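**Q** These protein sequences, in sequence, are chains A and B. Numbered per my numbering, the first sequence spans residues 223 to 724. Numbered per my numbering, the second sequence spans residues 16 to 333.
Since the hints were made in silico from the structure, they are not lab data. As the structure is a prediction and not an experimental result, all values here were calculated from the model. Note that the Cβ used here is the ideal one computed from N, Cα and C, for glycine as well. One should not assume that every hint holds.
Claimed, not checked - What follows is a list of derived Cβ distance ranges for each label pair:
| hint | chain 1 | residue 1 | chain 2 | residue 2 | range |
| --- | --- | --- | --- | --- | --- |
| 1 | A | H619 | B | F110 | 44 to 50 Å |
| 2 | B | F251 | A | V318 | 51 to 57 Å |
| 3 | A | Y320 | B | K104 | 49 to 55 Å |
| 4 | A | K607 | B | I312 | 24 to 30 Å |
| 5 | B | I312 | A | I280 | 34 to 40 Å |
| 6 | B | A144 | A | I403 | 46 to 52 Å |
| 7 | B | I312 | A | L363 | 44 to 50 Å |
| 8 | B | Q64 | A | D364 | 54 to 60 Å |
| 9 | A | V318 | B | A144 | 23 to 29 Å |
| 10 | A | T640 | B | G82 | 31 to 37 Å |
Said to hold, decoys possible - Going by beta-carbon spacing under 7 Å, a handful of chain B positions derived as facing chain A:
| hint | residue |
| --- | --- |
| 11 | Q200 |
| 12 | T202 |
| 13 | E214 |
| 14 | A216 |
| 15 | R225 |
| 16 | Q226 |
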Amino acid sequence: MNNKTQREVLRIEGLVKQYPGVRALKGVDLSFNSGEVHGLIGENGAGKSTLIKILAGIVKADEGIFRFDGEQAAITSSKDASRHGLCFIHQELNLVNYFNAMENIFLGHSYPHRFGPLVDWKQLKAQAQEILDTLGIELPLDIPVLHLSAVQRAMVAIARAFAVKGSIYFMDEPATALTDIEKEKLFAVVQNLKEQGKTVVYVTHNLEDILRITDRVTIMRDGQVVKRSATREMTKDSLISAMIDKSLDSAFPQRSGTIGKPLLEVKGLANSRLDGISFTVRSGEILGIGGLVGSGRTELLETLFGVRSLSSGSILLEGKPYHPNSPKEAIEQGVVLVPEERRKGGLVLSRSIYENITLMSLSEVSRFGFLNHQELHQRAEDAGKRVHLKASQYTHHVATLSGGNQQKVVFAKTVMRTPKVLMLDEPSKGVDVGARFEIYSIIRELASKGAAILVVSSDFNEVLGLADRILFIKDGSLASVQNNTGIDQEQYLHYCYGRTHA
Amino acid sequence: MNTNKKTLISGIIKTWGTLLGFLLLLTVFSVLRPDVFPTGRNLKNIIEQVATLAIVASGVTVVMITGDFDLSVGAIASLVGVVAALLMKSGMGTFASILIAMALGTGAGLLNGLLIAYGGLSAFVGTLATMTAYGGVALLISKGTTIFALPENFRVLGQGSMGFLPISVLIMALTVLAVALLLEQTTYGRRLYAIGGNEEASFLSGIRTRQVRLIAFGVSGFFASLGGIVLTSRLFSAHPQAGSPFMLNAAAAVFLGMTAFREGEANIWGTLLGVFIIGVMGNGLNILGINTYVQSILTGAIIIFAVLLSSLAKKRQR
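With these hints in hand, go ahead and build the complete structure from the sequences.
**A** Here it is in structure tokens:
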């Protein structure tokens with residue numbers, strides 16, 4: 223577009239990073255231009271995160287040269303990074319919960335002052351508003367971010383990156399928590415930056431986003447750059463094949479098994495977030511739950527899992543009343559949840575793989591409260607095998623695994639319980655393409671063995687690819703239930719917005 | 016190659032640094048006072064001195080694994096000692112007096128747990144408040160004085176011995192073993208560590224997190240009571256503030272222990288090491304004739320140094 227004004231703002235040559243036992247980067251060369259949106263993709267473990275951590279000054283490279291506008295410079299601290307105009311929007315937002323949006327936006331920057339040391343709050347608010355205006359974001363500035371929605375919190379993090387005058391913006395999965403409409407806003411911001419001559423490096427697993435907004439794309443695999451290309455020359459399939467070195471012909475496993483008797487019957491479920499929801503899931507059935515972020519999808523799962531209480535309505539599990547008051551009661555009756563954020567709700571990162579897998583089943587494999595280590599190890603490894611977990615040692619910390627394998631640990635934990643009803647909240651979030659297919663296969667297999675499965679996902683394709691039927695929720699109430707036959711993405715979105723037929 | 020070597024060294028410091036520091040401490044005192052410090056008699060003396068602290072700190076370890084904190088153990092130990100002494104003076108049997116006093120102390124621990132796990136108080140604020148209140152009760156019922164002239168058969172717990180082995184040291188060993196068993200071999204121990212690592216994930220995995228934390232405070236109260244009884248027997252008198260030093264020393268021992276063997280997690284063997292570091296410091300500095308005020312300063316400095324060293328080693332390894 224404006225090729226004349228483009229110049230190389232950052233060049234990286236021969237970047238090497240060695241961790242104990244792993245060579246995370248094996249000599250990476252990269253270059254970024256001004257006024258471009260540059261996609262950076264690769265499976266988990268390809269080296270993207272290490273690359274970004276090095277640029278942010280969090281991790282030190284073993285070898286490699288950085289040239290900013292042609293000048294060689296070193297990055298040894300986050301100060302260096304920001305001095306060179308590098309800004310980072312991380313997957314994990316790192317907001318201070320009790321501060322409001324304005325304070326979070328300026329966190330780490332100097333506040334405007336008056337009367338010597340006193341903070342000029344008026345001025346601060348004006349500056350924050352200015353940033354939000356240029357980004358086209360609307361946010362309440364005065365309440366703690368704790369009370370904001372996931373989307374609003376993401377917006378705060380984005381605004382924070384713009385509070386510094388940067389020249390290269392690194393966005394690591396910035397859109398994971400966003401609905402399509404909010405994503406559009408984010409993309410408008412990205413476009414805006416590009417037009418101002420800035421560089422945006424966009425890291426995501428979502429290939430459609432890459433194809434839509436980036437100008438060039440760099441694909442990493444196994445610590446190396448395997449392909450650089452203009453985005454317009456790439457397709458989703460060619461991106462995938464470059465990333466995993468083998469083209470996947472079908473991204474979702476075939477349906478198998480038969481749908482049996484009703485397992486879970488929900489009638490008129492209501493509480494502070496839900497309003498009269500009724501549906502039935504049968505044995506062997508995968509029920510997708512569609513709706514926008516914040517529509518009550520997660521809350522529905524939490525209510526069925528005993529995390530939230532219900533004010534009215536009834537639930538039957540295998541024809542008997544089911545009213546769990548805690549996850550413990552739900553699990554004991556065979557209803558299990560794979561929570562939305564595995565690092566927050568799914569895993570104890572400081573403990574071993576083996577301890578995580580067995581955490582839900584300790585009482586089953588113990589006598590008088592004493593652990594039967596041998597049997598626990600045996601069962602953990604069996605469960606791990608069932609979900610194709612790749613781990614050299616089950617005694618290693620679960621934090622040493624890739625995102626996909628961490629999610630498999632969460633699945634192994636639930637598989638150990640042989641659940642009747644398995645509820646999945648964003649089951650493939652932060653999981654790379656190859657592992658995704660394996661996770662879908664596990665879900666299919668559990669269904670074919672007679673479990674009833676509920677899937678919540680912000681990824682349309684995931685719901686469309688997995689579900690037998692889809693329940694659409696809008697503002698906490700049931701919008702419609704559709705058989706998943708021939709629904710396309712556009713119709714799906716219509717159903718999310720509450721239309722009952724497309 | 017060079018990086019590997021560095022990682023290896025920092026790995027060793029991280030896991031064994033505190034233990035090496037302890038050995039260094041032993042060496043220094045032995046070199047400075049070879050005639051007094053490294054004698055069998057003095058070492059036995061040290062072990063007897065730290066026995067009560069080890070008992071109390073074992074209980075505090077259980078609480079601190081979940082990320083909670085217990086400031087009230089010193090007050091509970093004092094209260095239990097005073098109650099047991101008063102009951103014995105009132106003519107009740109020694110054994111029954113001990114049981115009742117310990118039941119009371121365990122109840123005091125459970126009350127902490129109730130306030131913190133179910134009432135939602137922060138552990139720091141909750142146990143600060145109960146520490147003050149329990150300490151007040153001990154002063155009130157003892158009228159602020161030391162209670163002397165206890166029955167002779169009460170002497171055995173703190174001062175008796177089975178052959179070579181002092182009873183107090185035996186109780187310490189049994190306590191440490193019991194807590195080690197609880198933490199490493201039971202479902203309860205597994206749940207404690209899981210909660211310490213991620214409370215939300217533990218809850219969603221079907222763990223009754225509040226109940227587990229409540230019980231941890233009960234365990235802490237129980238061992239604080241046991242420590243209080245052994246201390247009272249050792250001193251052969253009950254003072255309403257006799258247990259006060261436990262409050263900070265037990266926490267210090269657990270913090271020191273968190274730097275050893277396991278990465279930043281409270282663990283029983285680390286706690287035991289921490290107890291011995293504190294005991295050896297006190298004993299060695301006494302032998303060298305160093306002023307007790309200076310001893311406090313040095314103990315504080317050692318804790319800072321150990322924790323700093325282990326966090327630096329950790330940073331390096333990233």
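**Q** Between V318 of chain A and A144 of chain B, is the Cβ distance one that fits in 23 to 29 Å?
**A** holds (28 Å)
**Q** With 46 to 52 Å as the target window, see if A144 of chain B and I403 of chain A comply at their CB atoms.
**A** holds (50 Å)
**Q** Just to be sure I understand the hint, the distance between the Cβ atoms of F251 of chain B and V318 of chain A should be within 51 to 57 Å; is that true here?
**A** About 54 Å separates the Cβ atoms of F251 of chain B and V318 of chain A, which means 51 to 57 Å holds.
**Q** Using Cβ atoms only, decide whether A216 of chain B comes closer than 7 Å to chain A, and label the hint accordingly.
**A** Since chain A brings a Cβ to about 5 Å from A216 of chain B, closer than 7 Å, the hint holds.
**Q** Could you tell me whether the CB distance from I312 of chain B to L363 of chain A stays inside 44 to 50 Å?
**A** holds (48 Å)
**Q** Lying within 49 to 55 Å: is that true of the beta-carbon distance Y320 of chain A to K104 of chain B?
**A** holds (52 Å)
**Q** Can you let me know if the beta-carbon spacing of K607 of chain A and I312 of chain B is within 24 to 30 Å?
**A** The hint (24 to 30 Å, Cβ to Cβ) is violated, given that K607 of chain A and I312 of chain B are roughly 57 Å apart.
**Q** Cβ-Cβ distance between Q64 of chain B and D364 of chain A: within 54 to 60 Å?
**A** holds (58 Å)
**Q** Given a hint of 34 to 40 Å, does the C-beta separation of I312 of chain B and I280 of chain A actually sit inside it?
**A** holds (36 Å)
**Q** Given the range 31 to 37 Å, decide if the beta-carbon distance of T640 of chain A to G82 of chain B lies inside it.
**A** Because 32 Å falls inside the window, the suggested range holds.
**Q** Would the hint on T202 of chain B be counted as holding, given a Cβ-Cβ threshold of 7 Å to chain A?
**A** holds (4 Å)
**Q** Can we keep the R225 of chain B interface hint, with Cβ of chain A closer than 7 Å?
**A** violated (10 Å)
Comparing the model with each numbered hint stated earlier shows that hints 4, 13, 15, 16 do not hold.
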